[in-house]
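Residue numbers (our numbering), protein chains in the order written: chain A, 1 to 284; chain B, 1 to 324; chain C, 1 to 261.
Watch out, some of these pointers could steer you wrong.
Not close to chain B: a few residues of chain C, all C-beta gaps over 12 Å, as computed [unchecked claim]: (1) Phe8; (2) Asp43; (3) Val58; (4) Ile71; (5) Tyr84; (6) Leu97; (7) Ser118; (8) Leu130; (9) Met143; (10) Thr166; (11) Leu176; (12) Val178; (13) Ile220; (14) Thr238; (15) Met240.
Straight-line distance between alpha carbons at most 27 Å, and here's what the computed DSS-like set of lysine-lysine pairs gives [stated by the list, open to error]: (16) C/Lys85 with C/Lys95; (17) B/Lys108 with C/Lys173; (18) B/Lys125 with B/Lys171; (19) A/Lys4 with B/Lys69; (20) C/Lys173 with A/Lys6; (21) B/Lys105 with C/Lys173; (22) B/Lys71 with C/Lys87; (23) A/Lys6 with C/Lys95; (24) A/Lys3 with C/Lys2; (25) B/Lys183 with B/Lys104; (26) B/Lys185 with B/Lys233; (27) B/Lys66 with B/Lys171; (28) B/Lys71 with C/Lys85; (29) B/Lys171 with B/Lys266; (30) B/Lys154 with B/Lys185; (31) B/Lys104 with C/Lys85; (32) B/Lys154 with B/Lys183; (33) A/Lys270 with C/Lys89; (34) B/Lys104 with A/Lys4; (35) B/Lys178 with B/Lys125; (36) B/Lys266 with B/Lys281; (37) B/Lys71 with B/Lys125; (38) A/Lys4 with C/Lys85; (39) B/Lys108 with B/Lys185; (40) C/Lys2 with A/Lys201.
Hint data in this document are derived by calculation from the structure and do not stem from the laboratory. Since the model is a prediction, treat every value here as computed from it, not as a measurement. Beta carbons: idealized from backbone N, C-alpha and C, even for Gly.
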Amino acid sequence: MNKKGKLLAVPTLVWLSLFFALPLLVMLVVSFYQRGLYGQVVPSFTIDNYLRFFEPLYMSILVETLIVSFITTIGTLLLAYPLAYYISKIPRSRQNIWLILVMVPFWINFLIRSYAWVIILRSQGIINTVLLKIGIIEIPLNLLYNWGSVMLGMIYTLLPFMVLPLYVSLEKLDKQRLEAAYDLGATRLRAFWHITLPLTKPGIIIGSVLVFVSSLGMFVVPDIMGGAKSMLLGNVIQNQFLSARDWPFGSAISMLMIILSALLIALYYKAMQWEDENTRLEGD
Amino acid sequence: METMIRVENIAKGYDNEQIIHPLTLSVYEGEFLTLLGPSGCGKTTLLRMIAGFEEPDSGEIFLAEKPVKDKPPYQRDVNMVFQQYALFPHMNVEQNILFGLQMKKVSKDEQQLRLREVLEYTQLKDFCKRMPTQLSGGQQQRVAIARAIINRPKVLLLDEPLGALDYQLRKSLQLELKNLQRKLKITFIYVTHDQEEALVMSDRIVIMNKGRIEQIGTPETVYNTPKSLFTAKFIGENNIFRQGERVFCVRPENVHISIADGIEGKSATIRDVVFTGNYHKIYMLAEGETTPILTYDYGNQTKWAAKQQVVISWLPESEVTLIE
Amino acid sequence: MKRLLSIFSFSMLAFIYLPMLILVIYSFNSARINAVWSGFTFDWYRSLVDNRFVLEAVANSLTIAFANMIISTIVGTLAAYAFYKYKFKLDILWKGLIYFPILIPELLMGLSLLILFSQVNIPLGKVTLLIAHITFSIPFVYMIVIMRLQDMGRELEEAAQDLGATPWTTFFKITLPVISSSIFASALLVFTLSLDDFIISFFVAGPNSTTLPIYIYGMIKRGITPEINALAALMIVTTMILVMIAELLRRRGSKNYTPFY
Numbered sequence: 001m002n003k004k005g006k007l008l009a010v011p012t013l014v015w016l017s018l019f020f021a022l023p024l025l026v027m028l029v030v031s032f033y034q035r036g037l038y039g040q041v042v043p044s045f046t047i048d049n050y051l052r053f054f055e056p057l058y059m060s061i062l063v064e065t066l067i068v069s070f071i072t073t074i075g076t077l078l079l080a081y082p083l084a085y086y087i088s089k090i091p092r093s094r095q096n097i098w099l100i101l102v103m104v105p106f107w108i109n110f111l112i113r114s115y116a117w118v119i120i121l122r123s124q125g126i127i128n129t130v131l132l133k134i135g136i137i138e139i140p141l142n143l144l145y146n147w148g149s150v151m152l153g154m155i156y157t158l159l160p161f162m163v164l165p166l167y168v169s170l171e172k173l174d175k176q177r178l179e180a181a182y183d184l185g186a187t188r189l190r191a192f193w194h195i196t197l198p199l200t201k202p203g204i205i206i207g208s209v210l211v212f213v214s215s216l217g218m219f220v221v222p223d224i225m226g227g228a229k230s231m232l233l234g235n236v237i238q239n240q241f242l243s244a245r246d247w248p249f250g251s252a253i254s255m256l257m258i259i260l261s262a263l264l265i266a267l268y269y270k271a272m273q274w275e276d277e278n279t280r281l282e283g284d
Numbered sequence: 001m002e003t004m005i006r007v008e009n010i011a012k013g014y015d016n017e018q019i020i021h022p023l024t025l026s027v028y029e030g031e032f033l034t035l036l037g038p039s040g041c042g043k044t045t046l047l048r049m050i051a052g053f054e055e056p057d058s059g060e061i062f063l064a065e066k067p068v069k070d071k072p073p074y075q076r077d078v079n080m081v082f083q084q085y086a087l088f089p090h091m092n093v094e095q096n097i098l099f100g101l102q103m104k105k106v107s108k109d110e111q112q113l114r115l116r117e118v119l120e121y122t123q124l125k126d127f128c129k130r131m132p133t134q135l136s137g138g139q140q141q142r143v144a145i146a147r148a149i150i151n152r153p154k155v156l157l158l159d160e161p162l163g164a165l166d167y168q169l170r171k172s173l174q175l176e177l178k179n180l181q182r183k184l185k186i187t188f189i190y191v192t193h194d195q196e197e198a199l200v201m202s203d204r205i206v207i208m209n210k211g212r213i214e215q216i217g218t219p220e221t222v223y224n225t226p227k228s229l230f231t232a233k234f235i236g237e238n239n240i241f242r243q244g245e246r247v248f249c250v251r252p253e254n255v256h257i258s259i260a261d262g263i264e265g266k267s268a269t270i271r272d273v274v275f276t277g278n279y280h281k282i283y284m285l286a287e288g289e290t291t292p293i294l295t296y297d298y299g300n301q302t303k304w305a306a307k308q309q310v311v312i313s314w315l316p317e318s319e320v321t322l323i324e
Numbered sequence: 001m002k003r004l005l006s007i008f009s010f011s012m013l014a015f016i017y018l019p020m021l022i023l024v025i026y027s028f029n030s031a032r033i034n035a036v037w038s039g040f041t042f043d044w045y046r047s048l049v050d051n052r053f054v055l056e057a058v059a060n061s062l063t064i065a066f067a068n069m070i071i072s073t074i075v076g077t078l079a080a081y082a083f084y085k086y087k088f089k090l091d092i093l094w095k096g097l098i099y100f101p102i103l104i105p106e107l108l109m110g111l112s113l114l115i116l117f118s119q120v121n122i123p124l125g126k127v128t129l130l131i132a133h134i135t136f137s138i139p140f141v142y143m144i145v146i147m148r149l150q151d152m153g154r155e156l157e158e159a160a161q162d163l164g165a166t167p168w169t170t171f172f173k174i175t176l177p178v179i180s181s182s183i184f185a186s187a188l189l190v191f192t193l194s195l196d197d198f199i200i201s202f203f204v205a206g207p208n209s210t211t212l213p214i215y216i217y218g219m220i221k222r223g224i225t226p227e228i229n230a231l232a233a234l235m236i237v238t239t240m241i242l243v244m245i246a247e248l249l250r251r252r253g254s255k256n257y258t259p260f261y
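Generate coordinates for the entire structure from the input sequences, incorporating the hints supplied.
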């Protein structure tokens, strides 16, 4: 058999090795270097950057980021699950329309989607203007530039990421098993709790990993919708690379973020395998 | 009779699993040969090796005396009818059928000539401009066959082509294919797991199990004188008996059943009488045994009923000794 | 219960689209600062057209998106075909290399490229932008095309070869036409990705290679103006149209259509 066709993959593999893997390796190396006086990278080995990350300032930001990511994940899950459930129950032809509608915003960049909320929530924005006009309030509400608005922005932009995996999991659910449960006397609630929920665990895990990992690296939403106090890890990193010009330190934090992401992605992989093995029975 | 295909010591394994143990087989010119066996027996793999889609680990394949093992599929003078027809969805029926001739750069006139011929054979004259998605299963199947035979291959390989069709359609197409083969005089190698289909269509049957050939013979031979226990159980229905070291079988139609009134034979009680349409299946349990013995009562009415006491007997010639 | 679910779902849909709808509507509001509706106008759109920075950003965005689309689609499609047809040693390593860019936060990809370019002394500009865009686009093309190929199954290509077609002929006469709608869909999606990309572009664009999203970011940082609404509205509409067309193309091609992730 002609094996020369394998060469077709070479451009892709070379390109990605060069421009994806290599940069990450370089970043790893830089994370062990030092920052020079004028912000340049000085190639002398140190682990200071990693140690510095464990200072209270950065630790507290890490904790805040983890909490925000966690809340975002839970928030998107609670909103996305019923939506995905609904979509999986309607007739096939309408399912596709719904899915396209839900997924399309995913392609519009975070910037614009966050900005839309800014003009709604700001002190001269839509909500305040309407409430002032009606007379419910006398001074504009501070709806923006706080943790609440950041959470709202995060959930809003990451919602599509959660809907799709949940839908796929729900759709694969064998309706016959549910019917068997009803047949045996289970109420809808119990059937949901004991059958549907556990069997859609892979979808839940996949969606949660996607959302959580994205939240970790998010800096646009806090930048646009958050105030000076709502800085997340992504903003810290962005800072190190732009204003603070401490690339080694920024790289170190980035490497830690990569490790965290990689662990979560490994979890995602396991969940994918679980999904494949356990939603198909003998004879499928 | 000339040997059209000879497969010598062909073996194939994947990841520590031996799919086909070294086997040798000759296929004669103009015959309808069926590879029959349960899923996983290796019959499809063997077919694909003849077609050129799988490479044997060892051995050689000869087509009309010429070795072809190292030749890719597009250089072998065989054509295949695929299980799911594999019609090209972006081409209509005519374009699908003419594809092979276009690859061989046959002249336009010759193409049209053969096209007309093949459309006659497969009764597809009115469907030329249709797209595959506009055809029924049976029609798609005919297109797949037309597409293959228009090339006048030395051998036609068919991979369970009737599997996806319903019972009535399958029955009529079985006869159609058999007649087609006789008319065209092309060697057919047919793969199926349906033993009834094999018995109806084949000149010879190759029974395969777990990568080995169990038996090769005409339908009559394989039915009346199975060599191994596997074949005896796989083809038709059979009664298996053990007597010490000896294992033998007796076909249900050779088992005589009579009322218990002093005739020589095994005494037994009828356990079940099953109506199948044009005959009845009678299951009987001999004294002290747990495996039922089966016999048939032809005609759509029967005098036998469950719980009756009967006497079973058969002629000694009906016993076929088996290897395990 | 069903009704509750249905109400909830429609509300969710509204939640998703309302902000963007409002944005589009307000891009026609003649009031500069207030959210009070003071009349319909095209002024903000007009001022965009007069703004040479905007036009430059648009030109940059379109050029990069287009070049990216061509290169990524071809390279990604070929890789997908290779992985569909052959078994590779170290399979997991290669698949990881291809899928990781989609999974890790864009921030990290942008930064690592920035570091690479600076350490190797490549000046930031259109070239570095293009390189970055191709890097995050190839995996998308790969994913879409390989799904379609696996859907197609191996029988079609085998049938073609059985009938005398060489591997090359098979690829061009059978495979390519059958998967063509997915290839076009992935091209469109890649184009959209490029057009909309902010995070990665932000770090690897040079001073003279501003793209539209980067420009919008700058505008937002400088202060809220109605021109931003107009620009954002245009981007929303363009993206939505392109993505809808792409998804429809993918649906047309495939029997087992699943929106991928």
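Against the structure, the hints:
Every beta carbon of chain B lies more than 12 Å from that of C/Phe8, the smallest distance being close to 38 Å; the non-interface claim holds. At roughly 50 Å from the closest C-beta of chain B, the C-beta of C/Asp43 stays outside 12 Å, upholding its exclusion from the interface. No beta-carbon of chain B is positioned within 12 Å of the beta-carbon of C/Val58; the least distance is around 37 Å. With a least CB separation of 26 Å from chain B, C/Ile71 remains clear of the 12 Å interface cut-off, as annotated.
At roughly 15 Å from the closest C-beta of chain B, the C-beta of C/Tyr84 stays outside 12 Å, upholding its exclusion from the interface. With a least beta-carbon separation of about 24 Å from chain B, C/Leu97 lies farther than 12 Å from that chain, consistent with its non-interface assignment. C/Ser118, annotated as away from the interface, keeps every beta carbon of chain B farther than 12 Å; the closest lies near 47 Å. The beta carbon of C/Leu130 is kept farther than 12 Å from every beta carbon of chain B, the shortest such distance being approximately 34 Å.
Distance to chain B confirms C/Met143 as a non-interface residue, since its nearest Cβ pair spans about 22 Å, more than 12 Å. Annotated as non-interface, C/Thr166 brings its C-beta within 12 Å of a C-beta of chain B; the closest such distance is 6 Å. With a closest Cβ-Cβ approach of about 10 Å to chain B, C/Leu176 is found to fall inside the 12 Å limit, against its non-interface label. With a least beta-carbon separation of about 6 Å from chain B, C/Val178 fails to lie farther than 12 Å from that chain, contradicting its non-interface assignment.
With a minimum CB-CB distance of about 47 Å to chain B, C/Ile220 clears the 12 Å threshold, and the non-interface call stands. Residue-level check passed: C/Thr238 sits 31 Å from the nearest beta carbon of chain B, beyond 12 Å. For C/Met240, the shortest C-beta to C-beta distance to chain B comes to about 29 Å, beyond the 12 Å cut-off, and the non-interface label holds. Restraint check for C/Lys85 and C/Lys95: satisfied, since their Cα atoms lie roughly 14 Å apart, inside the 27 Å limit.
For a cut-off of 27 Å, the pair hint linking B/Lys108 to C/Lys173 stands: about 19 Å separates their Cα positions. Only pairs whose Cα atoms come within 27 Å are accepted, and B/Lys125 paired with B/Lys171 is accepted, the gap being roughly 22 Å. A distance of roughly 19 Å separates the Cα atoms of A/Lys4 and B/Lys69; the hinted pair therefore holds under the 27 Å criterion. A hinted pair counts as satisfied when its Cα atoms are at most 27 Å apart, and C/Lys173 with A/Lys6 qualifies at roughly 20 Å.
With a C-alpha separation of about 15 Å, the suggested pair B/Lys105 and C/Lys173 falls inside the 27 Å cut-off, and the hint holds. Between B/Lys71 and C/Lys87 the alpha-carbon distance is near 21 Å, which keeps this suggested pair within the 27 Å criterion. Taking the CA atoms of A/Lys6 and C/Lys95, the gap is about 14 Å. The hint holds against a cut of 27 Å. Between A/Lys3 and C/Lys2, the direct Cα distance comes to roughly 55 Å. Violation of the 27 Å bound is thereby established for this hinted pair.
Between the alpha carbons of B/Lys183 and B/Lys104 the distance comes to roughly 24 Å, so the proposed pair stays at or under 27 Å and holds. About 33 Å separates the Cα atoms of B/Lys185 and B/Lys233, which puts this hinted pair outside 27 Å; it is violated. Distance check on the hinted pair: B/Lys66 and B/Lys171 sit about 36 Å apart at the alpha-carbon level, beyond 27 Å; violated. Between B/Lys71 and C/Lys85 the CA atoms are separated by roughly 19 Å; this keeps the pair inside 27 Å, and the hint holds.
Between B/Lys171 and B/Lys266 the CA atoms are separated by roughly 39 Å; this puts the pair beyond 27 Å, and the hint is violated. Restraint check for B/Lys154 and B/Lys185: satisfied, since their Cα atoms lie roughly 9 Å apart, inside the 27 Å limit. Distance hint between B/Lys104 and C/Lys85 is fulfilled; the C-alpha atoms sit about 25 Å from each other, no more than 27 Å. Among the hinted pairs, B/Lys154 with B/Lys183 is consistent with the structure: their alpha-carbon atoms are about 14 Å apart, no more than 27 Å.
This hinted pair checks out: A/Lys270 and C/Lys89 have alpha carbons roughly 21 Å apart, not beyond 27 Å. Simply put, B/Lys104 and A/Lys4 have alpha-carbon atoms about 24 Å apart, close enough for the 27 Å limit, and the pair holds. For the suggested pair B/Lys178 and B/Lys125, the alpha carbons sit about 21 Å apart, so the restraint of at most 27 Å is met. This hinted pair checks out: B/Lys266 and B/Lys281 have alpha carbons roughly 18 Å apart, not beyond 27 Å.
Under the criterion of a C-alpha separation no larger than 27 Å, the hint pairing B/Lys71 with B/Lys125 is inconsistent with the structure, at around 35 Å. For the proposed pair A/Lys4 and C/Lys85, the alpha carbon gap of about 11 Å is at most 27 Å, so the pair holds. Between B/Lys108 and B/Lys185 the CA atoms are separated by roughly 25 Å; this keeps the pair inside 27 Å, and the hint holds. Proximity of C/Lys2 to A/Lys201 is assessed by CA-CA distance (about 23 Å); at most 27 Å being required, the pair is judged to hold.
Of the numbered hints given earlier, the model fails hints 10, 11, 12, 24, 26, 27, 29, 37; all others are met.
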